[in-house]
Amino acid sequence: MRRPMMFLLAAAWLLAAGLPYYFMVQSGFKTQFELLSAPFWALPKEWTLENYRTVLAGPFVHSLFNSLLVVSLSVLLILATASMAAYAFARIQFRFSRPLFAIVVAGLVIPVHVTLIPVYLLTTKLGIYDTLWALIGPYVAFNLPISVFVLTEFMREIPRELEEAAKMDGAGPFSIFWRVILPLSGPGLATVGIYNAVALWNEFVFAYVLTSSPARRTLPLAIWDYQGQYSANIPLIMAVLSLSALPLILIYIVAQERVTGGMMAGAIKG
Amino acid sequence: MKATGKPLLFLLPAFAFLIVFVVWPILYSIQLSFYDWNGITASRHFAGLGNWRVLLTDAVFWRALRNNIIIVILSIAIQLPIAMGLAVLLHRGGKTLKLFKVVYYFPMLMSTVAVGVLFKAVYNVQFGAINPLAETLGLHALALDWLGDSRFALFSVIAVICWQFIPFYMILFLARLVSIPTELREAASMDGATGRQFFWRVELPLMRGIVGTAMTLSLIGSLKYFDLIWVMTEGGPSHSSELMATYMYKQAFATYRMGYGSAIATAMFMIVMIAALATIAAGQRRKLEV
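Heads up: the sequence lines are chains B and U, in that order.
Just so you know, we're using our numbering here: the first sequence kicks off at 1 and counts up by one.
Just so you know, we're using our numbering here: the second sequence kicks off at 1 and counts up by one.
Don't take every hint at face value.
Said to hold, decoys possible - Only some residues are given here: those of chain B computed to face chain U with a beta carbon under 10 Å:
no., residue
1, L43
2, T48
3, T81
4, Q93
5, T115
6, L121
7, G127
8, Y129
9, T131
10, L132
11, W133
12, I158
13, V198
14, I237
15, A255
None of these hints come from the bench; they were simulated from the model.
We put the CB at the ideal spot given by N, CA and C, even for glycine.
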C-alpha cells in the first residue's frame, strides 16, 4: 500500500518538475506554424535554429553581459562589506553590538517595496537613473542582512586560539581580519557568494524600476522586454527562456551540492 | 576608547549601504505617506492623514491584503506537505530516485520572470499546454481561461508559486533528515517500528524547528510577494489577483500617486513587521513550553 503511494508521488513530481522544461526546450526549436498546428507534446518534425539565431542577434547577449557585470560587482562589494561587519560582530566586544546586530537581522524581513519610491527618487536625483550603477547600491544593501548573518555565525565557529597566536605576534584587528579570519572563512564566503549571485542574477523589481532602455537591461528584464515585444511568437520566447536558464543549469549540473547548499543560505537561521 | 573605535571602521561600509538604501528610504516613505505628490513637481501638498483615510476604505487594498493572506495559507498548506513527502522519499529512496533528483530541483533554477513567462505560455488558451491536453483527454471542463478569468487567475498563479518553491523546502527538509543520526533508525527498527511509525513518532517531532523556519519564510515571503503575479497577471483581471506590492507599484509608478503609493508601502511594511514579530514571539513561547 505504502510503496505504490510513494512511487506515485515520486513520479508525479518528476513529471511536474520536468514537463514545463520539456515544453520550453522543444518549443524553442519549432516554427511558429508547427507550434500552432501540432500538439505541444510532439517533438518538432523539423528542428529549426531560426529562433535562437534571432535571439542571439538581438539585445539578449548584451543583457547577459550587463547581468554578469552588475552581479559580480555587487557580490564582491557584498562579500567585502559583509565580512568586515561580520568580523566586528563575531570577534570584537563593543557597546551596542547586540542592538546593531538586531538591526541588521531585521533587514531580513523588510519588503523591497517600502524603499522603492525613495530609492527611485534618489537615483534620478543622482543622475544615475537608467544606468547599471543605479542597481548596485540597492543590490548590496538588500543582501547585506543575510550575508552578515551567515558570515557572523560562521566566524563565531573559528577557534579563538588562532587569533590569540596572531595577537601575541602583535597583529592588530585589521591584520587579524585579513590574515587569519578571512582565509579561514572560505566556505562561508562561498555559500554567501553563491546565494547572492543566484538571487541577484534573477532580481526583477529594482532593475524594472531603475532602468528603462534595452541597452541597460539585465537578463530578467530582457526576458520581460522580449515577452512584451513578441508575445504572439511563443517559439521565440521559449528560445529566450531556454537560453536564459542555461547558465544556472550548467553550473548546477557541475556543482550540484554547492549550488543547492548556497541557495539554502537564506534559511539557516533556524 | 580604542575598543569602540575599531569596530566602527569594520561596520562603517555595511551600515553606510544600509542607511542610504534601507533605513533612510523607509523613513522617507513614511513621511511621503502624509503628502499628495506626483514625484515630478517641486512642490508637494501636505495631506495629513488623507492618504491613510483613503487606504482604510479602499476596497482594492483590502482585496489585495486578502489575496496576500490566501497566498500565505495555500503556500504553507500545499508546499510544505508535498516538500516533506518528497524529502522523505529522497532520503529513503533507492537508485532510481538518485536519477530523479537532478530533475527534482529544476523549478528553482529558473528566474521568477522566466517561470512567469513560461507558465503564461503553458496556460495560454489556444496554444498552451494545459487546454490542448485537457481537450485530448476529453476533459473539456478543464479547458478554461486560467489567467483571464477573475475566478481562477489568483489560484492559477498560486499553483506556479508552489511549483517554484516546493524544491526549496524539499532541500531544506532533506538536509535536516540527513542530519538525524542513523542509530535512531536502527534502534527503532529493532524495536519493530515500521518506516511510517518512525517518521511520525521520531523524524517529524525532530523536525519541528525546521518546519517552523519554513513556515516563517513562507509567511514573510508571501506577504511581500510581487514578481510572479506581476509577470503573469499584473494583479488582474479587475484586481482579482492584486497584491499589496502590485497595487503599491501601480499607484506609485503607473499613476504617479507617490503619496498614496507610499501609504500602501508603509502599511505593507507594518503588516510584514507585525507578522515577523508575531512569529518570533510564537517561537519563543514554543521554546519555553519544551
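Each hint, compared with the structure:
| no. | hint | verdict |
| --- | --- | --- |
| 1 | L43 | violated, 14 Å |
| 2 | T48 | violated, 17 Å |
| 3 | T81 | holds, 4 Å |
| 4 | Q93 | holds, 7 Å |
| 5 | T115 | holds, 4 Å |
| 6 | L121 | holds, 7 Å |
| 7 | G127 | violated, 16 Å |
| 8 | Y129 | violated, 12 Å |
| 9 | T131 | violated, 16 Å |
| 10 | L132 | violated, 16 Å |
| 11 | W133 | violated, 13 Å |
| 12 | I158 | violated, 16 Å |
| 13 | V198 | holds, 9 Å |
| 14 | I237 | holds, 6 Å |
| 15 | A255 | violated, 12 Å |
Against the hints set out earlier in the document, violations occur for numbers 1, 2, 7, 8, 9, 10, 11, 12, 15.
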